[in-house]
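Enquirer: Sequence:
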Amino acid sequence: MLTLLRTLLNTKCNCTFHKIQISEFHTPQVLAFTYKAFADHHVFLEGTLLKPNMVTAGQSCSWKFSPEENARATVLALSRTVPPSMPGKSE
1 MLTLLRTLLN TKCNCTFHKI QISEFHTPQV LAFTYKAFAD HHVFLEGTLL
51 KPNMVTAGQS CSWKFSPEEN ARATVLALSR TVPPSMPGKS E
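Under the numbering used here, the first residue of the sequence shown carries the number 1, and numbering increases by one thereafter.
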């Protein structure tokens with residue numbers, strides 16, 4: 001599990017033209033792998049701090065998304081994957 005997570009986090013993506021939907025797909029996957037690894041290693045979630053990325057399109061994407069669309073995609077990804085025991089998470 002940790003090897004897969006390291007691979008996901010260390011993969012350099014040279015394509016900066018992807019739409020926001022690509023980030024919407026991959027962000028929850030990375031967060032799910034992260035929290036699975038935390039659970040496997042008995043990490044006390046209440047004592048952790050998450051610094052999430054914003055879900056955005058690639059820099060070279062010809063489509064321009066509004067800050068509201070980026071925020072919606074980010075909140076949706078976080079709400080689907082971040083456990084309720086994380087500090088600062090409100091339902």
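What the hints contain is simulated information worked out from the structure, not anything from laboratory work.
Please read all numbers here as calculations on a predicted model, not as lab measurements.
Glycine is no exception: its CB is placed at the ideal position from the N, C-alpha and C atoms.
Watch out, some of these pointers could steer you wrong.
Computed Cβ-Cβ distance ranges for the label pairs, DEER-style [stated by the list, open to error]:
#: 1; residue 1: Lys-64; residue 2: His-26; range: 15 to 23 Å
#: 2; residue 1: Phe-44; residue 2: Glu-69; range: 29 to 37 Å
#: 3; residue 1: Ser-85; residue 2: Ser-62; range: 36 to 44 Å
#: 4; residue 1: Ala-37; residue 2: Cys-61; range: 26 to 34 Å
#: 5; residue 1: Gly-58; residue 2: Ala-32; range: 16 to 24 Å
#: 6; residue 1: His-26; residue 2: Ser-62; range: 15 to 23 Å
#: 7; residue 1: Met-54; residue 2: Pro-87; range: 31 to 39 Å
#: 8; residue 1: Glu-68; residue 2: Ile-22; range: 28 to 36 Å
#: 9; residue 1: Gly-58; residue 2: Pro-84; range: 30 to 38 Å
#: 10; residue 1: His-41; residue 2: Lys-19; range: 33 to 41 Å
#: 11; residue 1: Gly-88; residue 2: Ala-39; range: 26 to 34 Å
#: 12; residue 1: Lys-64; residue 2: Phe-44; range: 16 to 24 Å
#: 13; residue 1: Phe-25; residue 2: Met-86; range: 20 to 28 Å
#: 14; residue 1: Ser-85; residue 2: Trp-63; range: 34 to 42 Å
Enquirer: For each hint given before, does the structure comply? Return the numbers of the non-compliant ones in rising order.
Expert: Hints 7, 8, 11, 12 not satisfied by this model.
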